[in-house]
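**Q** The residues making up each chain are set out below.
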Amino acid sequence: MEPTGGAPGRTAADPAADVLEKARVLAEDLALNTVKAWKQKNPGMLAIGHLPVYTPRVMFEAMGCLPVAVFGAGEIDIIKGDSYFQSYICHIPRSTVELGLGGQLDVLDGMVFPSICDVIRNLGGMWKLMFPAKMSAYLDLPQNFAWGLGGRFYMGELKRIAAETEKRGARPLTEEGLRRAIKAENARRRALAELDALRREEPHKARASEAYLVARAGGVMLAEEHEKLIREFLAAARKRTGRPMDNVRVVVAGSFCEQPPLGLIKTLEKAGCDILEDDFQLGLRMIDGDIELKDGMPALESLARAFTERGRDTASRYVPDDTKGQALIRRVKECKADGVVFAAASFCDPALLDQPMLEHALTRAGIPHTSFKFAENTGQFQVIREQAGAFSDSVRLWGGQAA
Amino acid sequence: MAENTQLTAGLDAGSAAVKVAILRSQAGNHAEVVATSVQRIRRREVAEVCRIAFAEACQRAGVQPTAFDYVASTGEADQMDFAHGHFYGMTTHGRGALVLDPATRCVMDVGALHARAIKVDERGRVLGHRMTSQCASGSGQFVENIARYLGVPLEDVGALSVTAKKPEEVSSICAVLAETDVINMVSRGVSTADILKGIHLSSAGRLARLIRAVGAEGTVLLTGGMAADKGLIAALKESLSEAPSKKKDAAVTIDVHAHELSPLAGAVGAAALGAFRFDQLRRAGRWDVLKGAREGAAAAV
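Same order as they appear, the protein sequences are chains E and S.
So the working numbering is basically just the index in the first sequence, starting at one, shifted up by 33.
For the second sequence, position 83 (counting from the first letter as 1) is numbered 75 according to the working numbering, and the numbering increases by one without interruption.
For reference, chain E alone in the conformation it holds in the complex (with noise of 0.2 Å):
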């Protein structure tokens, strides 16, 4: 008796098998051993790495640089990141004083600390006293969104950290070289557009762990090589011939920065949910749509602008009134979801101050929700799959209405 129906990814005949095996390998490399190879074959090049949520990847590719994502550690037992943080700090910032005091970083030539919250902040100052000969970068990016003010911040803070990481070693920014990276980056925004759209339109062909493990492989690759595997798997998931489950249709936010355990997102997907949409690896599509190139423009000016005028509404943005949660509805509607599900990391200050505001909009608008949180380390999941199982149930049976 062969399975030849039903959720695609577990069948030795599976055509995505080979091309999910590759992205599971990058996307779980915490020795860097893909950065250091791409080292040797790039000598003299530097390779720059960053914290979520988002830093413009596309300006160090400019440069000729790698950047690579350092987006925690995992489930490795934390030892020497535990004693620089208080019991109520999120995970984080303690799995990355981990990798970088046991070494796996030390092929990086410098670091940027996107602002996202102060624990990343302190954590950028931190790095500064413990690895002093490195380039270690604080980019702060803008809260206020009119060009005039945020937007000539932030080219100024794009030229300051460009001009640091070229006085590293790294290629001056030029506006060639920024059109050029800028090109590839939009080619790799499309590729992701489209495994997005795979997964609303035939979930069962791209499960969100899939998608997961798709995206989080560019963080260690060129933008036109990410592509390249993306449109791997797009190919490769398309062909499958399985068929679509009766499962709820969720959104899943509030992981946008320290990210959920794999085994967390396959128990989401095992309770019955299918994964419509998600914040886990929101840096790769924080701004909608392509980032601009127009006649007359400077490159570096598109990629401000596309920041400050077309950035997601998002925890790690200030935005007033209630147009966050508006915002969250409208990309509930949508996909068509069902519900949403807030999965926040333990003490993560931006996702769960906004929760309360997101979770009382989709109240207003009757969407059914629940939340839970979690560290990247957590290897227990009964407790979040009897609660992601009781909500589908209670939104397939019930319309999401507490008995």
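Don't read these hints as lab results, they were simulated from the structure.
In this text, a Cβ means the ideal position worked out from N, Cα and C, and glycines have one as well.
Misleading hints may appear alongside valid ones.
Unchecked claim - Label-pair restraints from in silico Cβ distances:
1. GLU40(S) to GLU209(E): 35 to 43 Å
2. ARG271(E) to ARG52(S): 33 to 41 Å
3. ASP355(E) to GLU114(S): 56 to 64 Å
To be verified - Derived, one-sided and incomplete: chain S residues facing chain E with beta-carbon distance under 7 Å:
4. HIS76
5. GLY77
6. HIS78
7. PHE79
8. TYR80
9. THR83
10. GLU147
Based on these hints, arrange chain S on the given structure of chain E.
**A** Showing chain S alone in chain E's frame:
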């Protein structure tokens, strides 16, 4: 078959066995259990056991795998390629208990590895639940281990237990300590029946606390593999007849019993919910979301 009658199957993979129930019902109501199948897993791959059990149930019912309006899985059978949908174990046990006894307002599900009391309303919606912690001393696996140590076939455990004259209770906290207690009892020459009754009383004490904690009143239906153990049912009745520790529980009447299909309650509930869901989707004109599932079921078995 009338248009408003559905033929559905429920597939429940537990820790020790896979259970399948085939149901004919009207959106889960007026249900008739057409056929069942139980397969012990015995170190085999769960997915393979699920296929065998499903095929066996289809054969017993005399129906083709393509004949089902909805095949629903529950428990660990969450990746079955021939199922239309998966429901959570608590939801299916709640609904299954109502199919078996419509008066049920609380389900005491005792499986191989855990036990949980589930309070339900008249539609089977879960109102609340209490579950054992990670310790296995209130579960079927524990009873199975003790039976093996004592050299008693599992099917004889209940019958022997109810003949006990002077039972000795064992540790109700830890399965490891309880096993030590049992070894001591064997050394002291305590009879097998008394040891088994002691085990049952120990487990029943924990289960009674869960039932009271969830706020159960009226009919409590025992489900899961342990519902077939007469010794446990007798011990649970005894435990619940004792004066409760909290005053507020004194006025509460609880009637606990099992149905002959109680071990299959999860599968029965999954099948009933499958029928409910099929009807719901058909009314909403959304049945096409599961297009191709019948062909999938045919190919799978």
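**Q** Between the beta carbons of GLU40(S) and GLU209(E), is the distance compatible with 35 to 43 Å?
**A** violated (60 Å)
**Q** Min Cβ distance, TYR80(S) to chain E: is it shorter than 7 Å?
**A** Holds. Min distance 3 Å.
**Q** Tell me if HIS76(S) is really an interface residue toward chain E, meaning its C-beta lies closer than 7 Å to one of theirs.
**A** holds (5 Å)
**Q** Checking hints one by one. Is THR83(S) an interface residue toward chain E, by the C-beta closer than 7 Å rule?
**A** Hint on THR83(S): holds, closest Cβ of chain E at ~4 Å, below 7 Å.
**Q** Against chain E, run the beta carbon of GLY77(S) and see if the smallest gap drops under 7 Å.
**A** This hint holds: GLY77(S) lies near chain E, its Cβ roughly 3 Å from the closest one there, short of 7 Å.
**Q** Assuming the hint says 33 to 41 Å, is it satisfied by the Cβ distance from ARG271(E) to ARG52(S) or not?
**A** holds (40 Å)
**Q** Hint HIS78(S) vs chain E: min CB-CB distance below 7 Å?
**A** Holds. Min distance 5 Å.
**Q** Quick one, is the GLU147(S) hint okay against chain E at 7 Å, beta carbons?
**A** Hint on GLU147(S): violated, closest Cβ of chain E at ~30 Å, above 7 Å.
**Q** Confirm or reject the claim that ASP355(E) and GLU114(S) have a C-beta distance inside 56 to 64 Å.
**A** About 39 Å separates the Cβ atoms of ASP355(E) and GLU114(S), which means 56 to 64 Å is violated.
**Q** Closer than 7 Å between Cβ atoms is the bar; does PHE79(S) clear it against chain E? Give me holds or violated.
**A** At about 6 Å, which falls below the 7 Å cut-off, the nearest Cβ of chain E leaves the hint on PHE79(S) intact, so it holds.
Hint compliance for this structure: hints 1, 3 and 10 are broken, all remaining hints hold.
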